[in-house]
Amino acid sequence: MDSFMAQWVYTDTVKDHFMNPRNIWNKDENWEPDAMGEVGSLACGDQMRVGIKVVDDKITDIRWLTYGCASAIASTSMMSEMVKGMSLEEAYNITPDKITSALGGLPEHKFHCSVLGDKALRAAIDDYLEKNGRENPYKKSVARIICECKGVTDQMIEHLVVTDQAKTLEDLQRLTGYGTGCGKCKAKVEHEFEEMKHIHGK
Amino acid sequence: MGRMIYLDNNATTQMAPEVIRAISEAEPVVYGNASSMHTFGREAQKLVEEARANVAELLDCQSSEITFTSGASESNNTVFMIAKSIIDKKGSGRIVTTTIEHPSIIETVKYLRKQGIQVDQASVSADGRVKMDELEKLMGPDVVLVSVMTGNNETGAIQPIAEISKMAHACGAMMHTDATQAIGKMQVSCKDWDLDYLSCSGHKFYGPKGVGVMYAKKGRPFEPLVHGGEQEHGRRAGTYNTIAIYGLGVAAKLAKENIDEESRKLWAMRERLREGIVANVPNVVVNGCKERENCLPGTLDVSFENVEGESILLMLDMAGIAVSTGSACATGSLEPSYVLLAGGLDIELAHGSIRFSLGRFNTMEDVDYVIEVLPPIIKRLRQLSTRG
Numbered sequence: 001m002d003s004f005m006a007q008w009v010y011t012d013t014v015k016d017h018f019m020n021p022r023n024i025w026n027k028d029e030n031w032e033p034d035a036m037g038e039v040g041s042l043a044c045g046d047q048m049r050v051g052i053k054v055v056d057d058k059i060t061d062i063r064w065l066t067y068g069c070a071s072a073i074a075s076t077s078m079m080s081e082m083v084k085g086m087s088l089e090e091a092y093n094i095t096p097d098k099i100t101s102a103l104g105g106l107p108e109h110k111f112h113c114s115v116l117g118d119k120a121l122r123a124a125i126d127d128y129l130e131k132n133g134r135e136n137p138y139k140k141s142v143a144r145i146i147c148e149c150k151g152v153t154d155q156m157i158e159h160l161v162v163t164d165q166a167k168t169l170e171d172l173q174r175l176t177g178y179g180t181g182c183g184k185c186k187a188k189v190e191h192e193f194e195e196m197k198h199i200h201g202k
Numbered sequence: 001m002g003r004m005i006y007l008d009n010n011a012t013t014q015m016a017p018e019v020i021r022a023i024s025e026a027e028p029v030v031y032g033n034a035s036s037m038h039t040f041g042r043e044a045q046k047l048v049e050e051a052r053a054n055v056a057e058l059l060d061c062q063s064s065e066i067t068f069t070s071g072a073s074e075s076n077n078t079v080f081m082i083a084k085s086i087i088d089k090k091g092s093g094r095i096v097t098t099t100i101e102h103p104s105i106i107e108t109v110k111y112l113r114k115q116g117i118q119v120d121q122a123s124v125s126a127d128g129r130v131k132m133d134e135l136e137k138l139m140g141p142d143v144v145l146v147s148v149m150t151g152n153n154e155t156g157a158i159q160p161i162a163e164i165s166k167m168a169h170a171c172g173a174m175m176h177t178d179a180t181q182a183i184g185k186m187q188v189s190c191k192d193w194d195l196d197y198l199s200c201s202g203h204k205f206y207g208p209k210g211v212g213v214m215y216a217k218k219g220r221p222f223e224p225l226v227h228g229g230e231q232e233h234g235r236r237a238g239t240y241n242t243i244a245i246y247g248l249g250v251a252a253k254l255a256k257e258n259i260d261e262e263s264r265k266l267w268a269m270r271e272r273l274r275e276g277i278v279a280n281v282p283n284v285v286v287n288g289c290k291e292r293e294n295c296l297p298g299t300l301d302v303s304f305e306n307v308e309g310e311s312i313l314l315m316l317d318m319a320g321i322a323v324s325t326g327s328a329c330a331t332g333s334l335e336p337s338y339v340l341l342a343g344g345l346d347i348e349l350a351h352g353s354i355r356f357s358l359g360r361f362n363t364m365e366d367v368d369y370v371i372e373v374l375p376p377i378i379k380r381l382r383q384l385s386t387r388g
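For the protein sequence lines, the chains are A and B, in the order given. Per the numbering used here, the very first residue in the first sequence carries number 1; after that it's consecutive. Per the numbering used here, the very first residue in the second sequence carries number 1; after that it's consecutive.
Do not rely on the hints blindly, as some may be mistaken.
[Said to hold, decoys possible] Partial pick of chain A residues on the chain B-facing surface, computed with a CB cut under 8 Å: (1) Pro21; (2) Ala43; (3) Met48; (4) Gly68; (5) Cys69; (6) Ile73.
[What the hints assert, rightly or not] Label pairs and their in silico Cβ distance ranges: (7) Val55(A) x Asn280(B): 41 to 49 Å; (8) Ser85(B) x Leu175(A): 47 to 55 Å; (9) Val226(B) x Arg144(A): 47 to 55 Å; (10) His191(A) x Glu25(B): 51 to 59 Å; (11) Leu169(A) x Asn283(B): 32 to 40 Å.
These are computed hints drawn from the structure, not numbers from a lab. Note that this is a predicted model, so its numbers are computed, not measured. No residue lacks a Cβ here, since even glycine has one placed at the ideal position from N, Cα and C.
If we strip away everything but chain B, and leave its shape as in the complex, we get (with noise of 0.2 Å):
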């Protein structure tokens, strides 16, 4: 097999070393039921605990804070379950968000309408950004959650969510923001951002899939998704998943210890390949954000003018290099990437769009390799193509 290259860390990443080998020395010894009072239970407990305080520690929040769920998908439709069930109950109330959320907000947005509960989509700018004037006029007395991502999937964009958590809490609103794609890449502070809700996911730092954490501040509103047991005090029914959750806090603290120089060092990554492509290949876009301030550190989003992405991810993928694209063909739907689109991009451009998310098992050699296969791809793409 040749040189294998894995640049969609922000699809899901590899597990770190170190959380395999902890939790490969956990699974044969710890498989008491975490709810359990005997001694088997009470280590698995040990375990889940422990994972907690590391989230907290990760998340600048108090451990009773931290709920377990199986993923940031979960722990978002709880969150909009939550406002939906004090909507319900006061008779009026609204939801603010925005336009480019994960599909796990996207789609339950669709789902409360069609309940009959009224949402608002704030727009992005160019840059991926939230439009900060049309966030404001969307505000309002009314307003019972607003709900913005921290960092993009595709295009990378940070969001202010400490300045539009206080514009929520101007009005009297409660702040989610859906922290998956941020979660060490950079400072997320449930404290500094007055957060009342977060949500994220395991897989997307180095932990396991299938597990993931919904914090929700002290005294905030709680109804479960999943109703049948007293797991989770009540908040999220379902036998602990001990060995993920615990798996999950050994990726926490990791994070913790290594985020200022696994950002840096991610952003030096992301910018050498981004130089690199737009040297060397003639035509591209970068999609969204251009300032390290305001970009998640490893995720670069180009457009490729006339090839369509998925001719591009394949030709990739032959040559070892895993990528995702923004092209309708890669999805089956006959509409590209909503979340390029609502950035204003071109739709031609959105079809020939390719996301590269670096992560901490890549090196500057990953990157100079992408750089010395991608050009000759895109040529030859070009000369079997009516635009080319």
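Bound conformation, chain A alone (with noise of 0.2 Å):
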């Protein structure tokens, strides 16, 4: 089986988590979350459910569904692994760059394919804080500046393409000012926005 192994663009960690996914959501197993987050579309080619269970701003159990492709499953898998038994904070800093990290890397083009367990697992303990009436106080911390000049980050244009007020990169940029300072921004926000789009199905 090794030289039609050696073909695989995957990692052998990959490979495993694709084969043997872990804490999978079975349907039979009436597992109750105390949250739940989904991010994604079936339209956009990748969809990702998660639920936590959460004991003294600790996760102490998670499972997941995903429809998508092998480095989605295997990065919501391997995202599911590492954040049991983690405190809500920490949790809420996992970035696909620590999980493709863990999974050996992903090829350049499967990238924006391990970026959605992240958003599904922020989404849950959104959800988590939320029901229990309480502020969020990790949204800030993970907050990445973009556009310097006018101070943009992800989350704003996330926060304005999930509420449907920038449908165009021309609402973006009324709304925010991107790429008006030096300019240099630009492709990253339009990037981003593009992202964003597809992880929320817009």
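Make one complex out of these two single chains by using the hints.
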């Protein structure tokens, strides 16, 4: 099987998590989450749902379901292993980078497939805090500034996409003024915008 | 190593043993440049001309109408550049094609549009066949070239080329077809279809890779894409790829001999596979053509609801079965197959599409093995799926 398997573009860890995914949300298990998050859509080619159980602000258990390619399945599986036992704050700060390096890397064009896992998890944590009527103290800590001149963060872009305020790049520029300073951020903002639209099925 | 089953014959085929034998025997002895006058050169030239005669026989045309290229992509590019050249000279003119052509045409169309050339594309119905009324409306006296593929690589849909050819000629346009997927699977006749140009590739019918054919009817305009030498009567520069051309010729001869029997066998396997999948896997949609006469006999494209194609492909790969998918994830783009979308297929179903393409070396046992292995894979992936 060796020469055949050698042609896989995925690492052994990715293969393992794809073929033997951990913490699957088995429908017969009657597992009841404390909170749940879902991102993506079938039309975009990937969708993830994450359920968590929380005790003393620690994730004690996690289940997930993924519609998507091998990278998406393996990323969610790996993420689910990584965050078990983590505090909500730590879990909120999990990034696609951390997940992909734990997987031993993904092919470059597959990187975007790994971005949903942490987003679904964050959506679940948001849901947990909201259900308990609590402020979300973690949101700010993970905001990434993309346009420095105008202080546009990935979260702002995500919010504008989710709420349908920014349907086009023109909308986004009108609302945030991105790229009107030094202009260096343009490509990055546009990439982020497309990525968010993809993730949220817009 | 476990069982290995190759069901990706529309991507490329395994070379026929007869081809391998022929080129292995020729390779060590026929190394002269086919353009040289000496004995070595003439020996090489003889193989090239033998291949040309075989191809002409297969395509039902004259040997002198065949030009060897590096493959169908080059042939397609050459034809479109000839049309561009005509339009440039006249200062007006238009090209008509479809939305489901091979990327070597789709991308050439984008390039030509950037150069200011008008290209219109007719769309297709759910069965993958071009909408004839739409095509008819696009015809006009300003049309220089009409280009419609014979059989589609994804859906297997066969287009009525002879009929389209009539339409094209009625308005004074030239007719081209990219017959790459059709060669060896159905009768293709440059004469009966009244074609002006045709493209195909050796590796799709059990010949070598990197060699293809462009047919140009006698007297039709020709401009080389590759300049630099007098090979192929100045139509295509570059030292003859003698051995590959010879191999293509052998493959053409085999295709000509076996075509009817092979088509029957491919269709029987395809139908068994289709029936087996539909009977054993719930919630599947068979994409594209339905009737035998409108479908490349070895092609079966199926969408599995609520599962993503690349996952299926990789699971099948682990089981030793090679297929392809129209899912976006397999290509790295965010868009699934434009061919399936062009036929109006739901985008979610396009992401979950798998193409099985059978070939000469597949057997009914291969088909039965797929029918055995596939249902648990789909079931497993649906258990993981948010929509399972």
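Results of checking the hints against the structure:
1. Here the hint on Pro21(A) is kept, as its CB sits about 6 Å from the closest CB of chain B, short of 8 Å.
2. Checking Ala43(A) against chain B: minimum C-beta separation of about 5 Å stays under 8 Å; hint holds.
3. Evaluation of the Met48(A) hint against chain B yields a held restraint, the C-beta minimum of about 7 Å falling below 8 Å.
4. Because the beta carbon of Gly68(A) sits about 5 Å from the nearest beta carbon in chain B, less than 8 Å, this interface hint is met.
5. Proximity of Cys69(A) to chain B holds as hinted, the smallest CB-CB distance being about 4 Å (cut-off 8 Å).
6. At its closest, the beta carbon of Ile73(A) sits 6 Å from a beta carbon of chain B; the interface hint therefore holds under the 8 Å criterion.
7. Checking the proposed 41 to 49 Å range against Val55(A) and Asn280(B) shows it holds: the Cβ atoms sit about 44 Å from each other.
8. Checking the proposed 47 to 55 Å range against Ser85(B) and Leu175(A) shows it holds: the Cβ atoms sit about 48 Å from each other.
9. A hinted range of 47 to 55 Å holds for the C-beta pair Val226(B) and Arg144(A), which are about 49 Å apart.
10. One distance hint, 51 to 59 Å for the beta-carbon pair His191(A) and Glu25(B), holds here, with the actual separation near 55 Å.
11. The hinted window of 32 to 40 Å between Leu169(A) and Asn283(B) holds, with their beta carbons roughly 37 Å apart.
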